[in-house]
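Trainee: Quick mapping for you: the protein sequence lines, in order, are chains W and Y. If you count by my numbering, then the first sequence holds residues 1 to 352, one letter each, in order. If you count by my numbering, then the second sequence holds residues 1 to 352, one letter each, in order.
What the hints contain is simulated information worked out from the structure, not anything from laboratory work. We treat Cβ as the ideally placed atom computed from N, Cα and C, and that holds for glycine. Please note that the accuracy of each hint is not assured.
Stated by the list, open to error - Distance condition first, Cα-Cα at most 25 Å in a straight line; then the derived DSS-like pairs of lysine-lysine: (1) Y:K97 x W:K301; (2) W:K112 x W:K150; (3) Y:K79 x W:K105; (4) W:K75 x Y:K267; (5) Y:K33 x W:K75; (6) W:K79 x Y:K153; (7) W:K97 x Y:K163; (8) Y:K79 x W:K263; (9) W:K79 x Y:K97; (10) Y:K75 x W:K110; (11) W:K301 x Y:K110; (12) Y:K163 x W:K105; (13) Y:K33 x W:K112; (14) Y:K267 x W:K97; (15) W:K97 x Y:K75; (16) W:K110 x Y:K163; (17) W:K163 x Y:K33; (18) W:K207 x W:K263; (19) Y:K75 x W:K105; (20) W:K105 x Y:K267; (21) W:K267 x Y:K263; (22) Y:K79 x W:K112; (23) W:K263 x Y:K112; (24) Y:K301 x W:K110; (25) W:K163 x Y:K337; (26) W:K251 x W:K336; (27) Y:K110 x W:K110; (28) W:K79 x Y:K33; (29) Y:K301 x W:K105; (30) Y:K263 x W:K97; (31) W:K97 x W:K112; (32) Y:K301 x W:K267; (33) Y:K112 x W:K33.
Unchecked claim - Now the stretches of chain W that chain Y is said to cover, found in silico as 3 or more residues with beta-carbon under 8 Å: (34) 48-55; (35) 76-88.
What the hints assert, rightly or not - Examples of chain W residues toward chain Y, derived with CB under 10 Å: (36) K112; (37) P158; (38) G159; (39) R167; (40) T168.
Listed below are the residues making up each chain.
Protein chains: 2
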Amino acid sequence: MNDRLQAVRNKMMGLNLQGMIIANPVNIRYLTKIEAEGILLITRKENIFITDGRYMEYVSSIITPFDEIVVDDQKNISKDDYENFFLFCENVGFEEKYVTYSQYKEYIRKFKINNFVEAEEILIHLRMIKDEEEIANIKRACEITDACFKMLKETIHPGLTEKQIARTIQDFYRDQAEGEAFETIVASGENSSKPHAVPSDRQIQPKDIITIDMGCKINGYCSDMTRTIFVGAPTEEQTKIYQLVLENQKKVMDEIRDGANIKTITKSVESDFNVNCQTLIHALGHGVGLEIHEAPTLNLKNDNSLKENMVITNEPGIYIPGNFGVRIEDTVLVTKKGAMSLTESEKECIII
Amino acid sequence: MNDRLQAVRNKMMGLNLQGMIIANPVNIRYLTKIEAEGILLITRKENIFITDGRYMEYVSSIITPFDEIVVDDQKNISKDDYENFFLFCENVGFEEKYVTYSQYKEYIRKFKINNFVEAEEILIHLRMIKDEEEIANIKRACEITDACFKMLKETIHPGLTEKQIARTIQDFYRDQAEGEAFETIVASGENSSKPHAVPSDRQIQPKDIITIDMGCKINGYCSDMTRTIFVGAPTEEQTKIYQLVLENQKKVMDEIRDGANIKTITKSVESDFNVNCQTLIHALGHGVGLEIHEAPTLNLKNDNSLKENMVITNEPGIYIPGNFGVRIEDTVLVTKKGAMSLTESEKECIII
Numbered sequence: 001m002n003d004r005l006q007a008v009r010n011k012m013m014g015l016n017l018q019g020m021i022i023a024n025p026v027n028i029r030y031l032t033k034i035e036a037e038g039i040l041l042i043t044r045k046e047n048i049f050i051t052d053g054r055y056m057e058y059v060s061s062i063i064t065p066f067d068e069i070v071v072d073d074q075k076n077i078s079k080d081d082y083e084n085f086f087l088f089c090e091n092v093g094f095e096e097k098y099v100t101y102s103q104y105k106e107y108i109r110k111f112k113i114n115n116f117v118e119a120e121e122i123l124i125h126l127r128m129i130k131d132e133e134e135i136a137n138i139k140r141a142c143e144i145t146d147a148c149f150k151m152l153k154e155t156i157h158p159g160l161t162e163k164q165i166a167r168t169i170q171d172f173y174r175d176q177a178e179g180e181a182f183e184t185i186v187a188s189g190e191n192s193s194k195p196h197a198v199p200s201d202r203q204i205q206p207k208d209i210i211t212i213d214m215g216c217k218i219n220g221y222c223s224d225m226t227r228t229i230f231v232g233a234p235t236e237e238q239t240k241i242y243q244l245v246l247e248n249q250k251k252v253m254d255e256i257r258d259g260a261n262i263k264t265i266t267k268s269v270e271s272d273f274n275v276n277c278q279t280l281i282h283a284l285g286h287g288v289g290l291e292i293h294e295a296p297t298l299n300l301k302n303d304n305s306l307k308e309n310m311v312i313t314n315e316p317g318i319y320i321p322g323n324f325g326v327r328i329e330d331t332v333l334v335t336k337k338g339a340m341s342l343t344e345s346e347k348e349c350i351i352i
Numbered sequence: 001m002n003d004r005l006q007a008v009r010n011k012m013m014g015l016n017l018q019g020m021i022i023a024n025p026v027n028i029r030y031l032t033k034i035e036a037e038g039i040l041l042i043t044r045k046e047n048i049f050i051t052d053g054r055y056m057e058y059v060s061s062i063i064t065p066f067d068e069i070v071v072d073d074q075k076n077i078s079k080d081d082y083e084n085f086f087l088f089c090e091n092v093g094f095e096e097k098y099v100t101y102s103q104y105k106e107y108i109r110k111f112k113i114n115n116f117v118e119a120e121e122i123l124i125h126l127r128m129i130k131d132e133e134e135i136a137n138i139k140r141a142c143e144i145t146d147a148c149f150k151m152l153k154e155t156i157h158p159g160l161t162e163k164q165i166a167r168t169i170q171d172f173y174r175d176q177a178e179g180e181a182f183e184t185i186v187a188s189g190e191n192s193s194k195p196h197a198v199p200s201d202r203q204i205q206p207k208d209i210i211t212i213d214m215g216c217k218i219n220g221y222c223s224d225m226t227r228t229i230f231v232g233a234p235t236e237e238q239t240k241i242y243q244l245v246l247e248n249q250k251k252v253m254d255e256i257r258d259g260a261n262i263k264t265i266t267k268s269v270e271s272d273f274n275v276n277c278q279t280l281i282h283a284l285g286h287g288v289g290l291e292i293h294e295a296p297t298l299n300l301k302n303d304n305s306l307k308e309n310m311v312i313t314n315e316p317g318i319y320i321p322g323n324f325g326v327r328i329e330d331t332v333l334v335t336k337k338g339a340m341s342l343t344e345s346e347k348e349c350i351i352i
C-alpha cells in the first residue's frame with residue numbers, strides 16, 4: 001500500500017476508527033493521485049474508489065497494484081454492498097469540513113453507519129507536513145513565480161491596465177506551469193487598499209503603487225507571492241508604511257522555525273502595527289500545498305507550533321482605505337534551523 | 001427590498017421559517033450582487049451581510065439603499081449580537097447542500113438556533129426559473145460560444161494539439177467574455193471516448209474525431225455547448241453513432257416545453273440507445289445559470305416537469321471505450337411553446 005494510505009490507516013487506529021470515507025477530491029488526489037469524481041472508502045480490508053462510467057477508463061490507467069486500491073463503478077454496487085462496506089465497524093470517520101450536512105445524512109443512511117466521527121484532522125495533519133516530492137513541486141512553482149516577477153519588472157509601465165498585467169502573468173503561468181494557483185491580483189493606486197481587489201481596466205499611472213499577488217501550480221502544488229512596487233519614487237507616507245510592513249515580514253522570517261509558536265509570531269506583528277497606529281486586518285499567513293490555502297492558518301487564534309517541513313506564507317499587509325495598501329508575501333519552508341524562503345524575488349523598495 | 005430577497009422571504013413564510021442563513025457565495029451573489037466572503041442573514045427585521053475588513057470598502061460600494069441590506073464587519077459583532085439575530089425565531093433555514101457538517105454545528109452554537117431546518121430548495125427553486133436579465137446574459141454567453149466555434153472550424157487542422165485548441169478557446173473567451181465557464185474539453189481520437197477528458201498534448205491527426213465541450217461567462221452567467229467534428233470523412237461506425245446521438249438530441253429538442261416530464265424525456269433517449277446496443281452513461285442535461293451545473297438535472301431519477309424560463313442543456317452522448325465518443329450539446333431555453341436553442345452552431349455532421 002502507498003505510504004500516505006498507510007499513514008491514514010495508522011492515524012485511524014489511534015482514533016479507534018475502523019473505517020473512513022474520503023470525499024474531498026483534494027484528499028483523494030493526495031492519497032491516490034486520482035483526479036476524478038468519486039469517493040474513497042477505507043474499510044477494514046480494502047481501499048475502494050467508487051466512481052462512475054465517465055471515469056472508469058481513466059482511473060484504471062492511474063492506479064498501480066502497489067497502491068492496493070480497488071476501483072468500482074457505482075452502477076454495479078447494490079444496496080447490500082453499501083451496507084456491507086462498514087458492517088463490523090464501530091466508528092467510521094469522515095471529513096466534517098468538506099462533507100455537507102446533506103451528504104452527512106446520506107452517508108449514514110446509505111452505509112448504515114453506527115457512529116460517524118469527525119476525523120478530517122487526520123488528513124489536515126498529514127497534508128500540513130510536506131514530503132520531499134511535495135516540497136520539490138512547490139519549490140519549482142516558486143521558481144517560476146520568481147521568473148514571472150522578473151519579467152514583470154521589465155514589462156510594467158504606465159498606460160498598461162491592471163487586467164493587461166494580470167493577463168501577462170496568466171500567460172506566463174500557462175506556458176511555464178499548470179496556470180495560476182488562484183486569481184491573480186493586480187491592484188494599482190487606490191485599488192491597492194483592497195486586499196482582495198480584482199484586476200480592473202484602470203491604467204497604471206506615474207507615481208502609482210501596485211500590489212501584485214501571484215502564484216502558479218506544478219503537479220497540483222501551489223506557490224504564493226506578493227510584491228508591492230512603485231512607479232517612480234514613493235511618497236514619504238508610502239515609504240513609511242512600506243518599511244513597516246517589510247521590517248515585520250523580515251522579523252517573522254527570523255522567527256519562523258520548527259517549534260515556534262504561531263500566536264506569538266502573529267502577536268508580535270500586530271503589536272508593532274498597533275504601536276505605529278496601523279492594524280493587521282487579515283491572517284499573517286497560511287499553509288500552501290495542493291490547495292492555495294491550507295492548514296496551518298497563522299493568526300492570533302492558532303496557539304500551535306510550526307513544524308519542520310510545513311510550507312507556509314509570510315504576508316503582513318497594511319491597507320489605508322481609499323488611499324493605498326502594501327503587502328509583502330513569500331512562500332516559506334519551515335526547517336529545524338529556521339525559515340527557507342522558496343520565493344526569492346527582491347523585496348527592498350522596488351521602483352520601476 | 002430587491003425582488004429576489006422579497007421572493008426568498010415569501011417562500012420562507014410558506015415554510016414557517018422566521019430566519020435564514022445564506023452561506024453559498026453563488027446564492028449571495030444571486031440575491032445581492034455582492035461577490036465577497038461572508039454570510040447573509042435574513043432575520044425578522046433585516047437583511048444583514050456579515051463580512052470582514054478585506055471587503056468592507058467593496059461591499060459598501062455595491063449595495064444600494066433599495067436593497068435594504070445592512071453590512072457589518074464581523075470584528076464588531078459580539079457574542080450577544082450573534083445570539084440575538086434569531087432570538088425569537090422558532091425555525092431558521094440553512095443550505096444543507098452547501099453548509100458543511102462542521103459549519104452546521106458551528107452555526108447552531110454561535111447563533112443559538114432552536115430548530116435549524118434544511119431549506120436550500122428555496123434558492124434552488126428560485127434560481128431554476130430565470131428572469132429577463134438572466135436570460136439575456138446566458139443568451140449573450142451562447143452567442144459568443146457560437147462565434148468561438150465558428151472561428152474553430154476555420155482554425156483546427158491536423159498537427160495542432162488538444163491543448164493548443166483549448167488555449168485558442170480560452171483566449172477567445174478571455175477577450176470576448178469573462179473567460180471559460182468550466183475547463184474546456186478538447187478530446188481527439190480515442191481520447192473522445194472519455195466524457196471528461198482533459199486536453200492533452202496529443203496532436204490532431206487525419207481521420208480524427210474531436211469532441212469539444214465549451215462555454216463562457218457573461219456577468220457570471222454560463223453557456224455550455226458540445227460539438228463533435230470529423231477530420232476528413234467519418235467511418236461507417238462513426239457515422240452510425242453520430243446519427244444516433246444527433247437524432248436523439250433533436251428528438252429531445254422537440255419534447256422540451258413547459259410541463260414536459262424530465263424522466264419521460266430521458267427514458268425515451270435511454271430506450272433508443274439501448275435498442276441500438278448503446279448506453280446513456282451520464283445525465284441527459286442540467287440547468288445552467290450562475291453555475292455551470294444547477295437544477296434541474298435531467299435524468300431518470302427526476303420525475304419533475306420542465307418549467308417556462310428554465311435554461312437547461314440537452315446533451316446526449318455515446319462513448320465506446322478505447323475507441324471514440326460522440327456528444328452533441330446545446331443550451332436551451334424552455335418556453336410555453338417548446339425549446340428555444342440559445343446555442344445555434346450547426347450540428348449536422350461537420351467535416352473539417
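Trainee: Return the numbers of the hints above that this structure violates; sort them in rising order.
Mentor: Failing hints, ascending: 1, 2, 3, 5, 6, 7, 10, 12, 13, 14, 16, 18, 19, 20, 21, 22, 23, 25, 27, 28, 30, 32, 33, 35, 36, 37, 38, 40.
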